[in-house]
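*Asks:* Chains as they are written, first to last, in the numbering used here: chain C, 1 to 152; chain D, 1001 to 1076.
What the hints contain is simulated information worked out from the structure, not anything from laboratory work. Where hints are given, some of them may not hold.
When the alpha-carbon atoms are kept at most 30 Å apart in a straight line, the in silico DSS-like pairs for lysine-lysine are as follows [said to hold, decoys possible]:
| hint | chain 1 | residue 1 | chain 2 | residue 2 |
| --- | --- | --- | --- | --- |
| 1 | D | 1066 | C | 136 |
| 2 | D | 1066 | D | 1044 |
| 3 | D | 1044 | C | 136 |
Remember, predicted model here, so these are calculated numbers, not experimental data.
In case you want the letters, here they are:
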Amino acid sequence: MSVTALLEPQALDPQLELAELTEAARGDGAIVTFVGLARPESSSGEAVDALVLEHHPTLTRQSIEDIAVGCAERFDVSHVRVVHRCGTVPAGEPIVFAGAASIHRRAAFDAVDYLMDRLKTEAVLWKREVGDDGTKWIEPTEGDLVDRERWG
Amino acid sequence: MRIRLYGRLADAIAPEIGLAAGCSVGEVRELLAAEHAAVARSLKASRAVIADSFVGEERIVGESEKLEFLPPVSGG
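Excised from the complex, chain C in its bound form:
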C-alpha cells in the first residue's frame, strides 16, 4: 500500500505520474486515473487565460494528503497518487492528477471518483480565473457540493 500526495508548483506531467503509478502497481490488475485541465472558458462563457491557485504553506498539502489517506482507507486499493498544481496554470494545462491502483477495476474507479469529489470541495486552495475581464474568484458549485455528499 502506498499513498502519495504532492503539491506541484511547476508543470504537471500526467504521463510521468501514470508511469510512477504503473511502476508501483505491478502486482495489481487495474489502474484508473483522472486528469483535470484548466478550462479556457468560465462558467459564464468568458475567455480564461489561466487559473491561479493560491495555497497555504502547510495546510494545503496536508488537506490533499488527508483526502488521499481517506481514500486508501475506504476502498480496496493498493496505491493512491494525487498530484495537484498550485500557482499559475495556463488554460489547457493539467491542474490535477488523481490515480488509484487495485486488484479489480471497480474499487479503482470508485476511489478516483471519491478523490475528485473531495478535492473539488475540500482541498485548501483559493482559485481565481484570469482573463481579459480581470480576475474572478471561484468557489465550489452546487453540483460539486452535491457530488461530495454522496460519500457521507
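Here the structure of chain C is known, so what remains is to put chain D in place on it, guided by the hints.
*Replies:* Just chain D now, with coordinates in the frame of chain C:
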C-alpha cells in the same frame, strides 16, 4: 501580531498586516469586518489558524504570533 490573509481576503485587504497584540481572534475578525465591509461575509466564514492549528474565537493572539484567516476554499 501579524495577520495573514488568503484568497479574496488578501485581494481586498492585504496579504499581511500588523495589529497591536492582546486581542482575541473574534475581536480581530470583527475589527477587520467593520473596516472592510466588502469582504465581511468572507471574513465571518473564515477559519482562524495559529501555528497550523485551528483556533476558536476566544483565543488571545500573542505579540509574536501570526494569526491566519482562511476564507472558504475553492477546492481543486
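*Asks:* Next step is simple, just say for each hint if it's right about the structure.
*Replies:* Hint-by-hint comparison with the structure:
no.: 1; hint: 1066(D) to 136(C); verdict: holds, 28 Å
no.: 2; hint: 1066(D) to 1044(D); verdict: holds, 18 Å
no.: 3; hint: 1044(D) to 136(C); verdict: holds, 20 Å
Comparing the model with each numbered hint stated earlier shows that all of them hold.
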